Amino acid sequence: MIMPLLQGLKITFLHMFKKPVTLQYPKERPVVVPNYRGLHALKVSHEQAKCVACYLCPTVCPAKCITVEAGEDAKHDKYAARYEIDLLRCIFCGYCVEACPVDALKMTQEFELANYKREDFVFVKERLLEKK
Amino acid sequence: MDALLALPPMYYVAMVAKVLVAFVFVLLTVAYATYAERKVIGFMQVRLGPMRTGWYGLLQPIADGLKLFFKEEIIPKQASTFAFLVAPLIALVPAFISFAVIPFGGNIEVFGYTIPLQIASVYDPQVGKVLDLNVGVLYILGMASLGVYGIVLAGWSSNSKYSLLGGLRASAQMISYELAAGLAIITVFLMSGSLSLNQIVADQAGAFGVTGWYLFRNPCTFVAGIIFFICSIAEINRTPFDLPEAETELVSGFCTEYSSMKYAMFFMAEYANMVTVCAVTTTLFLGGWHGPAFLPGWMWFVAKVYFLIFCCMWIRATYPRYRYDQLMRLGWKVFLPITLVLVVLTALWIMAFGTEPWFSFIM
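Chain order of the listed sequences is L and Z.
Numbered according to my numbering, the first sequence terminates at residue 437, and the numbering increases by one at each position without gaps.
Numbered according to my numbering, the second sequence terminates at residue 1448, and the numbering increases by one at each position without gaps.
Where hints are given, some of them may not hold.
Said to hold, decoys possible - Here are the computed lysine to any residue pairs in the SDA-like style, where the Cα-Cα straight-line distance is at most 20 Å:
(1) L:Lys-324 x Z:Val-1131
(2) L:Lys-324 x Z:Thr-1324
(3) L:Lys-332 x Z:Arg-1401
(4) L:Lys-315 x Z:Arg-1132
(5) L:Lys-324 x Z:Phe-1128
(6) L:Lys-332 x Z:Arg-1137
(7) L:Lys-315 x Z:Phe-1395
(8) L:Lys-332 x Z:Ala-1121
(9) L:Lys-332 x Z:Leu-1133
(10) L:Lys-430 x Z:Arg-1401
(11) L:Lys-315 x Z:Arg-1401
(12) L:Lys-383 x L:Ala-368
(13) L:Lys-315 x Z:Arg-1137
(14) L:Lys-323 x Z:Thr-1324
What the hints assert, rightly or not - Here are the computed distance ranges between Cβ atoms for each label pair:
(15) L:Ala-404 x Z:Trp-1140: 45 to 53 Å
(16) Z:Thr-1166 x L:Gly-313: 41 to 49 Å
(17) L:Cys-398 x Z:Pro-1405: 38 to 46 Å
(18) L:Lys-315 x Z:Tyr-1141: 25 to 33 Å
(19) L:Asn-420 x Z:Ile-1147: 30 to 38 Å
(20) Z:Asn-1192 x L:Glu-333: 47 to 55 Å
(21) L:Tyr-421 x Z:Tyr-1141: 25 to 33 Å
(22) L:Tyr-421 x Z:Gly-1227: 56 to 64 Å
(23) Z:Ala-1168 x L:Leu-314: 34 to 42 Å
(24) L:Asn-420 x Z:Tyr-1391: 41 to 49 Å
(25) Z:Met-1346 x L:Tyr-421: 30 to 38 Å
Unchecked claim - What the simulated footprint calls covered on chain L by chain Z, stretch by stretch (three residues with Cβ under 8 Å from a Cβ of chain Z suffice, anywhere in the stretch; the number is not a length):
(26) 309 to 315
(27) 325 to 335
It is worth saying that the hints were derived from the structure and are not from the lab.
Being a predicted model, the structure only gives us computed values, none of them experimental.
Beta carbons: idealized from backbone N, C-alpha and C, even for Gly.
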């Protein structure tokens, strides 16, 4: 009856000398895995977004959080005049990235998405553009 | 009155100084026991514990205190106001005043005046002896039992079923474990033949400073010492015996309705009780301030008390809470009979071998 109690004490005592697993978060950064599905980014090529406003991503989106409006640019190409992702609705499933036929969308390692106002969670095109 | 006035003025100076030093020291220990507990349990759970407030979280107790100080005072409408207000004080004060009789070091000489390091004591040059409260242990037991009044009153006056259950549990637990603890102390009386703590500590002097400790004097007192420590933990309602404030079943037990500084007082009382209990265990079983000569006596005392406090935290990090019936079974069916037998065995041992350390027969 007493031995198991002492065994328990021994286990906790030995644990005291293990290296703590705590991550001192804002000071120490976690290692984010490469295929992490964080904040979306619109890929840029030749100084403009690759998106051609084909509407596949809002179609496939299970949370219906993507709003796209097509427009026509100076070279008569179709482009996304408006591209918004409401992160409060987004479930970060990554289907939009898979659906994109021109590989214009990706998901970054960015995971700190807190904000003070609800409106700030709606990411418009300018905020989504990939940062080089 | 004559005897009191006849004492030299140095007596009063020394008395005030001793009270101040001991009180501030205990208060700081209490504050930092909360920090140490969080750190120790943190490390035992492979975490870091508080790290942000100050260097390695060292200002955490101060931050906690300040936060609680600025919290809103809430007194429930249906509460019995006077009892509600006075309960935290009743819990806190006995926890601290037990320290009056605990000797925390040998005599020191200041300006040719001998001062015993024990608050309620005086060195009488005519007799050449330290005079202290000759029923010190009784006083400590009395204060320990007074402490539970605070908890019971808090539970009753809060007018909440959780608080009431917490208070009831506290009193039941206190009664069950005080018996076993008291019987464990009787083995010490049998060894020392005195109730004066100063006498008990003086009796525990021995070769190397260790052999005289009652814990190592004979097998009976060894078991009694361990049982006394466990019963003490139960008496001060610490895990694994923290049923009066069992969060999982009673919200927060007797202090459910308390907020702000009154809640902090219960918290302080709990930790002060822990320090007191560790100091009493040190005094009764671990030779008080006696230890190998390379450190001064008071350092040994502090070291032993801190070690026991660490043990309390260690135990808290290891064991889950007892169920109520298990707790009662342990108190009445295990510890009480064992200590009763121990009292008899110790008496027989002393009749057969005297009070010398058992290994003195082998060597």
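Each hint, compared with the structure:
1. L:Lys-324 x Z:Val-1131: holds (7 Å)
2. L:Lys-324 x Z:Thr-1324: violated (25 Å)
3. L:Lys-332 x Z:Arg-1401: violated (31 Å)
4. L:Lys-315 x Z:Arg-1132: holds (18 Å)
5. L:Lys-324 x Z:Phe-1128: OK: Lys-324 (chain L) and Phe-1128 (chain Z) at ~8 Å, within 20 Å.
6. L:Lys-332 x Z:Arg-1137: Holds: Lys-332 (chain L) and Arg-1137 (chain Z) sit about 11 Å apart, inside 20 Å.
7. L:Lys-315 x Z:Phe-1395: Roughly 14 Å separates the two Cα atoms, so the pair holds.
8. L:Lys-332 x Z:Ala-1121: violated (23 Å)
9. L:Lys-332 x Z:Leu-1133: holds (14 Å)
10. L:Lys-430 x Z:Arg-1401: violated (54 Å)
11. L:Lys-315 x Z:Arg-1401: holds (13 Å)
12. L:Lys-383 x L:Ala-368: violated (25 Å)
13. L:Lys-315 x Z:Arg-1137: violated (29 Å)
14. L:Lys-323 x Z:Thr-1324: The hint is violated at about 23 Å.
15. L:Ala-404 x Z:Trp-1140: 45 to 53 Å: Given about 52 Å between the Cβ atoms, the range holds.
16. Z:Thr-1166 x L:Gly-313: 41 to 49 Å: holds (44 Å)
17. L:Cys-398 x Z:Pro-1405: 38 to 46 Å: Distance hint for Cys-398 (chain L), Pro-1405 (chain Z) holds at roughly 40 Å.
18. L:Lys-315 x Z:Tyr-1141: 25 to 33 Å: holds (26 Å)
19. L:Asn-420 x Z:Ile-1147: 30 to 38 Å: Given range 30 to 38 Å: holds, Cβ gap about 33 Å.
20. Z:Asn-1192 x L:Glu-333: 47 to 55 Å: Because 52 Å falls inside the window, the suggested range holds.
21. L:Tyr-421 x Z:Tyr-1141: 25 to 33 Å: About 31 Å separates the Cβ atoms of Tyr-421 (chain L) and Tyr-1141 (chain Z), which means 25 to 33 Å holds.
22. L:Tyr-421 x Z:Gly-1227: 56 to 64 Å: holds (57 Å)
23. Z:Ala-1168 x L:Leu-314: 34 to 42 Å: holds (40 Å)
24. L:Asn-420 x Z:Tyr-1391: 41 to 49 Å: About 47 Å separates the Cβ atoms of Asn-420 (chain L) and Tyr-1391 (chain Z), which means 41 to 49 Å holds.
25. Z:Met-1346 x L:Tyr-421: 30 to 38 Å: holds (33 Å)
26. 309 to 315: Answer holds; 3 residues pass the 8 Å Cβ test.
27. 325 to 335: Per the Cβ count (4), the hint holds.
Checked against the numbered hints above, the structure violates hints 2, 3, 8, 10, 12, 13 and 14; every other hint is satisfied.
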